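Number of protein chains: 2
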Amino acid sequence: MTSSGSALSDEEKLDWLRLIRCDGIGPISFKGLLESHGSARAVIEALPEIARRSGRALKLPSEAGLRRELQAMAALSARFVAVGEADYPLSLAAIESAPPLLAVWGSLAPLSRPMVAIVGARNASALGRRFATVMASELANAGFTVVSGLARGIDEAAHSATVSNGTVAVVGGGLGHIYPSQHEQLAKDITATGCVISEMPFEWVATARDFPKRNRIVSGLSLGVVIIEAAARSGSLITARLALEQGRELMAAPGSPLDPRNDGSNKLLREGAILVRHASDVLEALTPLVERPAPPPRPVQPRFEFETREPETAPAPPSASTGDPDQDRLIAVLGPSPVAMDELVRASGLDARRVQLALLELDLSGRIERHGNGMVSLLYAGRPN
Amino acid sequence: MTSSGSALSDEEKLDWLRLIRCDGIGPISFKGLLESHGSARAVIEALPEIARRSGRALKLPSEAGLRRELQAMAALSARFVAVGEADYPLSLAAIESAPPLLAVWGSLAPLSRPMVAIVGARNASALGRRFATVMASELANAGFTVVSGLARGIDEAAHSATVSNGTVAVVGGGLGHIYPSQHEQLAKDITATGCVISEMPFEWVATARDFPKRNRIVSGLSLGVVIIEAAARSGSLITARLALEQGRELMAAPGSPLDPRNDGSNKLLREGAILVRHASDVLEALTPLVERPAPPPRPVQPRFEFETREPETAPAPPSASTGDPDQDRLIAVLGPSPVAMDELVRASGLDARRVQLALLELDLSGRIERHGNGMVSLLYAGRPN
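Just so you know, the protein sequences line up as chains U and B, in that order.
Whatever position you read off the first sequence (first residue = 1), add 264 for the working numbering.
Whatever position you read off the second sequence (first residue = 1), add 264 for the working numbering.
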């Protein structure tokens, strides 16, 4: 990674884009490869050898595709911001799976203010929408940037209430495929003072698996997350868990238990989320965190996995030798439950650097699963991929 | 007090009634006088001397008034239950200001089951009433007796839903003045399987100051209190604080912060009350407490005062000598902030028994204020009385 605040050259940024658009390379392996090889260019040059050793395709994106993406970005006056650059929010850079490149459409200004996420039910009640509207306006007026996911319901209410202040919408697909399409105009309006951001290729059409990845960016940008009307097993609960894993404040609005749209948020409150009644409750929780460096992730047992995985390639059976003694050693000590890096160092007898390199190879060959907080587990062939 | 489970003779009970119906004698001084003199009869015989020493009237009730009360009780087939008798609930006996006598109209059966209070707004919303109805029925069906205060709104919903199970209504006035009068029929219906109870004289008309006293009985009977829709500065918040002071579980239902009827209950949740969504959340909190002895009161700084005070008698100025060296010594170490008994023992150099006797005299002469948990403070002449 670059040192904080230093800008990448256009050429470097293009190499970053080329590498992160490679199937099978997610933010964590991107970071590991960059560290082990020194630069994206060096990784790209070594890619055939890395692919051979890991037994996976790791195909670079087509130059034509990249050119189309850059042209489309230019047409929107959108730009890529790389982790480590001055415009890349420090809060997001602090998370383990920080996107190496963010496509930003609109104004970068709101990304430099302290941020708070407001998310909740797509099928929100009128009361919930009104609460989100009031909460978002008050927080924006207090100097916070409101972040949300451009979804229907609560997200839309939070963005709409703060269009004039500058709000940040994180989308699950590419900037060229705003979802839902009814929010295309809202997205355009947002870009006048705020921005719409994505880590995905410009033409990417979001599918269900992309939304938890989007949610980690929503919470990762923010000092805290306010949940309004989250049903049981809803996407907002994923954002809630990610916020906790990232060490961010988790807040929820209480609601009548007779409305199932409050099942998830009330459950979070029972489990210790901060109950917020109005903006001043949120400010009380977040103001002490402004200007402080982003906190380290908390040691929460993670449940989610963000690496883009190549669905067509079946992982090698866990019993097969990798041909590399370090990797074999790690496979022997890994299991289906996520374990931490230092445990692996202890259990394998290898030093931290060799463990990281071996994990990188295992990750690229689809043998392990990365969780938050540096936790990894073994993937089995029989596991749904 | 009698030993647990032993019944008072009719004559003893009449003496208890005579003594507790004395103006200026509340449950705590009743208990102190009984302990210092051995029996209610002995206190009554010593009353002229106690009154002379304390400089207060301490007039016994008229025999005609007592007779009318007993006749009215008999006409309702209501009866007095004395603390220490088998029918007196142990949970209530455990609180410091337990009423020496409870007038019980209806069936005693529900008092022997584990109890849970459900209280809340008089101007409850339809949603709040529905929540109370569902919660009360489910708790009653799970074997709990639902206790409430026979008020409009949430109280009425909780009682109405559990009339067939046997519910307990604690009233602030006497059994002869059911308030509000619209609930006279509900009160009668309750007595078929449950009961209406009061510590006040039969014909007592409740005033504002009687409701916090009533609330301590509501919470004192119960293992826990469920608050549904309590506005800021509402009576339900007094019940909430009393429950905490008595070491009972405090639970509250969440509600939209846009409805001010949830201001108080959401505030309680922020401060640590257990959020309850349905009966099983309440059962999870209370089931482990069933069959255990009532917990000791928690060391909470108390805010409320339950002793009946004689409004006509101005307390003596604090600087005047009482004529008793022990009392003067206590006045010297007491101040407007409540302090605990053992602090007084330490600060005064008197032993616990002498401190208690001197406090009893000071209480009777209106010089001190009793709070929960054995805390006392000095009353000043200029204090609104």
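Be a bit skeptical, because a hint or two may be false.
Where chains are identical, the list cannot tell them apart; a pair therefore holds if satisfied intra-copy or between any two copies.
Straight-line Cα separation of at most 16 Å, EDC-like style, residue types lysine to aspartate or glutamate; simulated pairs [as the list claims (entries may be wrong)]:
#1 323 / 592
#2 277 / 351
#3 295 / 276
#4 277 / 615
#5 323 / 523
#6 277 / 349
#7 531 / 548
#8 531 / 474
#9 452 / 349
It is worth saying that the hints were derived from the structure and are not from the lab.
All values derive from a computational prediction rather than experimental measurement.
Outcome of the hint check:
1. Taking identical chains as interchangeable, the C-alpha atoms of residue 323 and residue 592 are never at most 16 Å apart, the minima being 25 Å within one chain and 93 Å between chains.
2. When the C-alpha separation of residue 277 and residue 351 is checked against a cutoff of 16 Å, the pair qualifies only within one copy, where the shortest distance is 14 Å, while the shortest distance between copies is 82 Å.
3. For the identical chains of this complex, residue 295 and residue 276 are intra-copy neighbours only, at 15 Å inside a copy versus 85 Å across copies, given an alpha-carbon limit of 16 Å.
4. In the homo-oligomer, the alpha carbons of residue 277 and residue 615 never lie at most 16 Å apart, since the shortest distance is 32 Å inside one protomer and 82 Å across protomers.
5. For the homomeric pair residue 323 and residue 523, neither the shortest alpha-carbon distance inside one copy (49 Å) nor that between copies (57 Å) is at most 16 Å.
6. Taking identical chains as interchangeable, the C-alpha atoms of residue 277 and residue 349 lie at most 16 Å apart only when both belong to the same chain, with a minimum of 11 Å there against 84 Å between chains.
7. In the homo-oligomer, the alpha carbons of residue 531 and residue 548 lie at most 16 Å apart only across protomers (14 Å), although the nearest pairing inside one protomer, at 22 Å, exceeds that limit.
8. Taking CA atoms no more than 16 Å apart as the test, residue 531 paired with residue 474 passes in neither setting, with 25 Å inside one copy and 37 Å between copies.
9. For the identical chains of this complex, residue 452 and residue 349 are neighbours neither inside a copy (25 Å) nor across copies (76 Å), given an alpha-carbon limit of 16 Å.
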